[in-house]
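Undergrad: The chain contents come next:
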Amino acid sequence: MFDLLAQVPPKVNFWSAAPNTSALYGKVFLAFMLGVGFVFLCMNLPTRYRRTLISVLTFVAGLFFVLSFVWPKAEGRAPDTLPNGVVESVAWWLQDATGPVSGMTSTLTAFLLGLGAFSMLRVHIGRLVKQQKDWGFSLVLLISMFVMMIIGYWDWRTVNFTMKETNFNNPDNWIGITYAKDLVFDGILQKMDAAMFSIIAFYIMSAAYRAFRIRSVEATVLLVSALIVMMSLLALGDLMSSKFIGMFTHGDKSHFMANFTLSEIYGFIRAAFQTPSIRAIDFGIGVGALAMGLRLWLSLDKTGGTN
Amino acid sequence: MLDLIAQADRPPVVGTQYYDAGKVMMLFTFMIVFFLLLNIFRAGKNKDLYIRRIAGLNAIDEAIGRATEMGKPVLMVPGLGALNAISMQALNIFGYVTRTAARFANPIRLCCGEPAVFTVAQEIIRDVYQSEGVPERYEPDSVRFLSDRQFAFAASVSGIILREQTAATFFMGEFFAESLIFAETANSVGAIQVASSTEITQTPFFIAACDYVLIGEEFYAASAYLTRQPVLVGSLIGQDWTKLAFMLFIVMGTVMNTMQLRSKATEAVDGFGERTPLTEDRLVLPNETTMGRIFGPAKPNPATMKPREADPEAAAPEGGSQ
Amino acid sequence: MSETVETKSLGEKLLSIPKPVLYLVLILATALPLFFPMALPNEPKDMAVKLNESINALKDGSTVIIQSDWTESTRGESRGQMDILLRMLMRKNIKFAICSAADPQAPEVFRNLVLQLNKERKAKGEREYEKWNDWVELGFYPSGEALGQGIAANIRDAFGGKRDAPPGGQDRPVFESPVLKDIQKVDDLGMYFVVTGTKSIIIAIERFSDRVAMGGMVTGVMGPETSNYFYSGQLKGLSSGLKGVYDMCSLEERDHPGTTMLKREEQYILSLHAAIFLLIIAVVVGNVGVFLTRRSK
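Residue numbers (my numbering), protein chains in the order written: chain A, 1 to 307; chain B, 1 to 322; chain C, 1 to 297.
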């Protein structure tokens, strides 16, 4: 329908081939057969081998990302040159593969999005058909979803294909569908996003009022440091503390009391407590993620019904 | 300070070779992997390894119990992150929660904001009901994909909390600005809340609004603590070894840098890692210390690179990317 | 009902302020300053000063990449960040390419901002920033990890498939544009900026902060975590939250008066002050309430 392959850079390597060549059709056919073969294998293997097959596949898929991380990177690769030696050949191969692999991930995600949309439609159409409680909300959701899809697609088609020559970056050239898209995306969706985000301000307020209590020594320390940090964020608070401390220091920055302005105390809290503790938690999370990743990659984890 | 900007003035180098990805850092990564695998192996043999008590995890059963008493659903949200180690860990914990809920025939709601996570979650939850021998209690609509837009997702989850008056909520995984919206809404219906975010920025919000919070890596320790599987317990101990190694490096680095930065430099080290004898009298610079050189990988020197041969088969592609 | 109210002690009263009242006070406190503009005394933070210096140190006419990962939800902070960044770059005639890795709506949002800035420039009689010659769009990438990895490995491959059009012309590969024609690898960029409300900046820092000078402009919530990377030297400068925008505007206004939206930011910062002040009061009131109630019991 549209020339959707036009954006693919006509580069020839292991992962691609020149347009309209037998090499390209051969590679497409091979990839298709591999996919079908894998599905066939999964359906017909006994359950205990299925697990092994999936583990092997997980390992191979993960190996690509591990290699892209640990293999020496090719530096300053220029067009039309040959790699120097095996290490560099592998590095180039991995580099070429990055695009197609992220393409595969995107394709997979797109199909999964379809599954997600199907689940959502099933819940809401079901509720609508059975006229269950709150079916009106489901109706609103379904209408909004389809209106958004139609307008989005129509606009994309107009801008990229049917009226490709028109410069829609200039609002003077806008037509009906551009205005409609502007209304639903910029006028409604984005504003609703912003409204939801701003609700957080109210929740912070009520959480501060309700939950931030002096219950223990630790909570008191936390509260006092939070107040210092918040006061130091107020330019006025900072100014007042500087003026007050200035009465002792008389402008002498090396005076001992100069350490006790709000911004100095906040600087101390940040440098001595906040930053190091964030780093320490980051280390823990990083190591935890690495361990989890390793267990998944090597299929050591048993999830779901088996744990 | 702006040395990197100055370097950008250099003409682009063609035909240079490897970018030093930091051999020491690579070795360090392999060391962590070795620690983890060794301990997983050890834990397989020695079943009696100790994990300290984590209050938030003891609260899981209490929360589900209360939901059962009230006859209201248990809500689980694995965050907004893509299908990665974090969401898999969240789903592991939710597998445990669902198992307990299935035993008490308690309804569950698992809300996903990412289609890939949703698909895996569906499988895991169905699997749990099957392994508990109650596949008929599994409702396909209990695991839902809501929206992959952050605030649309926040609005949907809040709607479910308010409409279904969930009695226990579990927020675990990657949460962003929506964390407080969830936590405060669940608080307003009186739900017991257990939460954990790997996002440091959101943990304070959870601490303020939830009953129990797993901080940082406690999130990863959770499945080991709950299931006591040797693989998980071993991996946890491997993580502790790694952190000990980190601490050792931090102390070593601090001591060595403190000493070296106060000593006189005898040779200069440039951005390409090459040393030249120094005639001027100056102190050692931060990038010249042992730690600076180990952890600041050198850039490849174009002057010493072997040029690449031309590819005889290459034809310049029209409009190509190169 | 009235009897219950009368029997409540002061402590109990302080503890039972209805939520709608709290919310109303917050709305009033943050909205009123918008009608009564007032400049507050301000000391720019070190992180913002360094960011300002880094941008000013860029060579006129050089190329930078901006990773724009914000949408209307963090508009309050991120739009101000992007606004001051673009104004500074345009003043210095620096070419920029914009990509996004966090939200498919991000390209639409920054496009609107460039459009608006161009309108302003036109009204002032300044040269408009032309698509293709002065700036190009690199589009949206669904995975920040993959984008970071791609840029570090080979920037020409990472953005190789992207096309953009000169005014009135046909689509051509972006690397043929005057903006990117001299860029062979990420090291050739003058700077790489990330304007974000998410941790996409951290992924970028991990991938290539050792190869190109990076500047960060993040929301207030992301500030503390991201400042780690400023103190470690991986970010050359950082502007965090509304205060960061205000700092950047004040610094730019000091050197080039009348070129920024300082007046608007002054109002915003006043609202922020009101909100923080109110938060402090809420915490204090809650705790005094608990203290009085406990004492009376």
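These are computed hints drawn from the structure, not numbers from a lab.
Source: prediction; values computed, not measured.
Backbone N, C-alpha and C fix where the C-beta goes; we use that ideal spot for every residue, glycine too.
Warning: the hint list may mix true and false statements.
To be verified - With a straight-line cut-off of 27 Å between C-alpha atoms, the simulated DSS-like cross-links for lysine-lysine are:
id	chain 1	residue 1	chain 2	residue 2
1	C	K92	C	K124
2	C	K50	C	K13
3	C	K50	C	K297
4	B	K72	C	K19
5	C	K59	C	K45
6	C	K8	A	K164
7	C	K50	A	K253
8	B	K243	B	K45
9	B	K306	C	K181
10	A	K73	C	K181
11	B	K45	A	K73
12	C	K8	C	K263
13	A	K243	C	K45
14	A	K191	C	K181
15	C	K181	A	K164
16	C	K124	C	K263
Stated by the list, open to error - Pair by pair, the computed Cβ-Cβ distance ranges are:
id	chain 1	residue 1	chain 2	residue 2	range
17	A	L57	C	L40	41 to 49 Å
18	A	L24	B	L285	53 to 61 Å
19	B	K23	A	F40	38 to 46 Å
Undergrad: Hint by hint, which ones does this structure get wrong, listed from lowest number up?
TA: 2, 3, 6, 11, 12, 14 and 17
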